[in-house]
Amino acid sequence: MQRSDVVVIGAGPAGMAAAATAAGHGASVTVLDEQSRPGGQIYRDVDRAGPARAAILGRDYLHGARLSGELRAAGITHIDGAEVWAIEGQGRVSYTRRGCAAQIEAGRLILATGALERPMPVPGWTLPGVMTAGAGQILLKQSGVLARRAVLVGCGPLLYLVAAQMVRAGTPPVALIETQTRHDLTGAARHMGGALRGWRHLAKGLRLLAEIRRAGVPRYTGARGIEIEGTDRAQAVICQSGGKTHRIACDTVLLHHGVVPNTQAARSIGVRHRWDAAQHCFAPVLDTWGGAEGAEALIAGDGAGIGGAVVAELSGRIAALRAVEQLGRITEGERDRLAAPLLRARGRERAVRPFLDAAYPPFAEALAPADSTIICRCEEVTAGDIRGYARLGCLGPNQAKAFGRPGMGPCQGRYCGLSVTGLLAQANGQTPDETGYMRVRPPLKPVTLGALAQMDGTGDGAR
Amino acid sequence: MKTVSPFLELEEKPRVGVTFEGERFELPEGENLAASLLAAGVRVFRRTPVSDAPRAPFCMMGACFDCLVEIDGVVRQACMIDVVDELEIVRPGAEAAKGTDDAAK
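Going down the list, the protein sequences come from chains Z and X. Here the working numbering is used: the first residue of the first sequence is 1, the next is one more, and so on. Here the working numbering is used: the first residue of the second sequence is 1, the next is one more, and so on.
No lab work stands behind these hints, which were simulated from the structure alone. It is possible that part of the hints are untrue.
Stated by the list, open to error - Looking from chain Z toward chain X, a few residues come up when the C-beta cut is under 8 Å (computed):
| no. | residue |
| --- | --- |
| 1 | Glu34 |
| 2 | Arg37 |
| 3 | Gly50 |
| 4 | Leu116 |
| 5 | Ala135 |
| 6 | Tyr415 |
What the hints assert, rightly or not - With the Cβ distance kept under 7 Å, some of the chain Z side facing chain X (calculated, not the full set):
| no. | residue |
| --- | --- |
| 7 | Leu139 |
| 8 | Ser143 |
| 9 | Gly144 |
| 10 | Leu146 |
| 11 | Glu229 |
| 12 | Gln235 |
| 13 | Gln240 |
| 14 | Lys244 |
| 15 | Thr245 |
| 16 | Ile248 |
| 17 | Asp251 |
| 18 | Gly388 |
| 19 | Arg391 |
| 20 | Leu392 |
| 21 | Arg414 |
Beta carbons are placed, not taken as given, at the ideal position from N, Cα and C, and that holds for glycine.
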């Protein structure tokens with residue numbers, strides 16, 4: 001079996017920075033990543049973006065190329081296209097690459113599995129043509145593909161970024177349907193102090209809005225009653241805004257109301273998670289370094305709680321310092337000295353979060369959808385089904401599986417887990433922590449028998 | 001199916017031939033399969049086993065499994081595959097369903 005001092009799962013900003021830092025202190029490092037090329041979602045395919053795409057995507061995106069460059073350093077083995085499906089014991093990681101299973105033993109394990117889009121169940125969200133805003137951006141980053149007639153629906157900085165990038169590409173969105181209200185913004189004002197410390201973010205946001213406005217993209221704010229119309233594909237978005245009902249015809253709908261930690265891998269090894277009321281999601285319970293409660297692993301990046309790309313990069317380096325100290329490559333004193341400026345920078349970067357979290361709260365209708373709205377896309381379980389299970393005495397998501405299979409399809413609850421917890425908590429008058437979350441078990445991704453049969457134990461997947 | 005694509009491709013790249021449900025498409029070599037099929041005008045990637053509802057890529061990052069297709073008898077996520085020459089792609093279960101229909105005749 002292969003062995004590495006440090007095994008990093010994920011090659012986004014946290015994973016790339018963690019790998020580079022650990023290797024910089026002489027540790028052997030293996031990075032396992034699902035994608036064909038490094039970058040994660042935020043810096044997706046940054047090494048291949050030509051000048052045209054670079055101009056559209058902007059300088060923040062291009063920063064990722066510096067990180068992917070660091071990933072090519074001596075001592076780092078980057079195994080691309082590696083789908084991790086099990087983590088066992090003290091750090092034995094099983095994965096599939098090009099149809100062959102392989103295993104690697106980690107001295108220290110760093111999970112950098114990033115974020116997922118917060119599920120946004122609204123009527124019609126399963127129709128072809130409806131995607132996450134992140135997906136729309138991935139199409140642009142990786143493939144240079146843009147939706148010609150798209151409506152962006154939801155809230156948050158990413159929605160404006162995607163809209164501005166579409167404007168720059170010459171395919172502005174048909175409309176922006178925004179769910180945040182003026183009340184959200186005034187409520188967020190009390191976090192302005194922190195936001196001002198992160199003033200660069202705010203200035204960036206204002207520049208994006210100016211670009212969108214200049215392009216003449218209509219904005220519908222405080223939108224309610226959002227529905228996507230269509231039979232075999234999305235054809236229009238219906239919403240109420242400004243006291244009127246609007247129907248906006250389109251071919252593509254891009255949904256977004258924030259991102260949440262991707263907790264699948266961490267949960268599968270028993271890391272304790274706690275509800276984060278400000279960010280409306282579960283996050284792992286961690287120490288300063290990213291050391292997880294309940295399992296032998298460090299967690300860095302958005303998977304540790306949403307902080308964005310810069311926080312992710314810093315957290316990756318901080319976690320790596322802890323890992324190399326635990327491996328005996330540096331002393332605790334050296335670790336603390338090296339980490340001090342990183343911790344300070346991370347504190348400054350995090351200062352803007354309370355403002356963003358308050359200004360762009362999740363869309364209330366998607367947290368409590370109408371009975372007929374599908375919440376589990378795979379098994380087609382509706383919000384009404386979940387409420388029905390609660391009436392029959394169902395208290396938690398694991399019990400709900402026995403009632404109607406929510407979370408038991410191929411996505412394993414990635415896009416319904418938070419909805420199931422939320423609906424059961426509402427129906428039973430409990431907190432999300434009391435209600436709990438779906439138990440996550442390996443395999444984290446489907447594995448074929450053929451892939452297992454080809455597992456030879458030597459792990460030549462690295463070549 | 002080959003209607004005007006709702007998606008625009010910014011760059012021209014060398015293309016290879018693949019088939020989707022028996023129909024031939026010229027897709028950019030080495031590019032993401034899900035993105036390339038969308039750009040080629042494919043709207044419905046699969047139908048759900050529960051209600052036969054149409055689905056297409058949703059997350060583009062390997063998490064939602066809505067872009068599942070079948071290649072060489074293996075059901076895979078189109079968003080995690082690169083385009084290579086002569087891929088033969090079908091909707092998952094399409095072959096099996098055809099078998100059942102034939103048996104019923």
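Hints and how they fare:
Annotation: interface hint on Glu34 (chain Z) holds; nearest CB of chain X at approximately 6 Å, less than 8 Å. Here the hint on Arg37 (chain Z) is broken, as its CB sits about 10 Å from the closest CB of chain X, past 8 Å. Restraint check, Gly50 (chain Z) versus chain X: the minimum CB separation of about 7 Å is within 8 Å; hint holds. With its C-beta approaching chain X no nearer than about 6 Å, Leu116 (chain Z) sits inside the 8 Å limit, and its interface hint holds.
For Ala135 (chain Z), the shortest C-beta to C-beta distance to chain X is roughly 4 Å, which falls under 8 Å, so the interface hint holds. For Tyr415 (chain Z), the interface hint holds, the least distance from its beta-carbon to any beta-carbon of chain X being 5 Å, beneath 8 Å. A hinted interface residue such as Leu139 (chain Z) counts as satisfied when its beta carbon comes closer than 7 Å to some beta carbon of chain X; here the least separation is about 5 Å, so the hint holds. Checking Ser143 (chain Z) against chain X: minimum C-beta separation of about 4 Å stays under 7 Å; hint holds.
Of the supplied interface hints, the one on Gly144 (chain Z) holds, with its beta-carbon coming within about 4 Å of a beta-carbon of chain X, less than 7 Å. Interface hint status for Leu146 (chain Z): upheld, as the beta-carbon distance to the closest one in chain X is roughly 5 Å, under 7 Å. With a least beta-carbon distance of about 15 Å to chain X, the hint placing Glu229 (chain Z) at the interface is violated under the 7 Å criterion. Restraint check, Gln235 (chain Z) versus chain X: the minimum CB separation of about 11 Å is more than 7 Å; hint violated.
Restraint check, Gln240 (chain Z) versus chain X: the minimum CB separation of about 25 Å is more than 7 Å; hint violated. Taken as an interface hint, Lys244 (chain Z) does not check out: its beta carbon lies about 27 Å from the nearest beta carbon of chain X, beyond 7 Å. The criterion of a C-beta within 7 Å of any C-beta in chain X is not met by Thr245 (chain Z), whose closest approach is roughly 25 Å, and the hint is violated. Interface restraint check: Ile248 (chain Z) against chain X, minimum CB-CB distance 15 Å, threshold 7 Å, status violated.
Taken as an interface hint, Asp251 (chain Z) checks out: its beta carbon lies about 4 Å from the nearest beta carbon of chain X, inside 7 Å. The criterion of a C-beta within 7 Å of any C-beta in chain X is not met by Gly388 (chain Z), whose closest approach is roughly 17 Å, and the hint is violated. Below 7 Å, beta-carbon pairs count as interface contacts, and Arg391 (chain Z) has none with chain X, the closest being about 22 Å; its hint is therefore violated. Violation of the interface hint for Leu392 (chain Z) is found here, the shortest Cβ-Cβ separation to chain X being roughly 21 Å, above the 7 Å cut-off.
Proximity of Arg414 (chain Z) to chain X holds as hinted, the smallest CB-CB distance being about 5 Å (cut-off 7 Å).
Checked against the numbered hints listed earlier, the structure breaks hints 2, 11, 12, 13, 14, 15, 16, 18, 19, 20; every other hint is satisfied.
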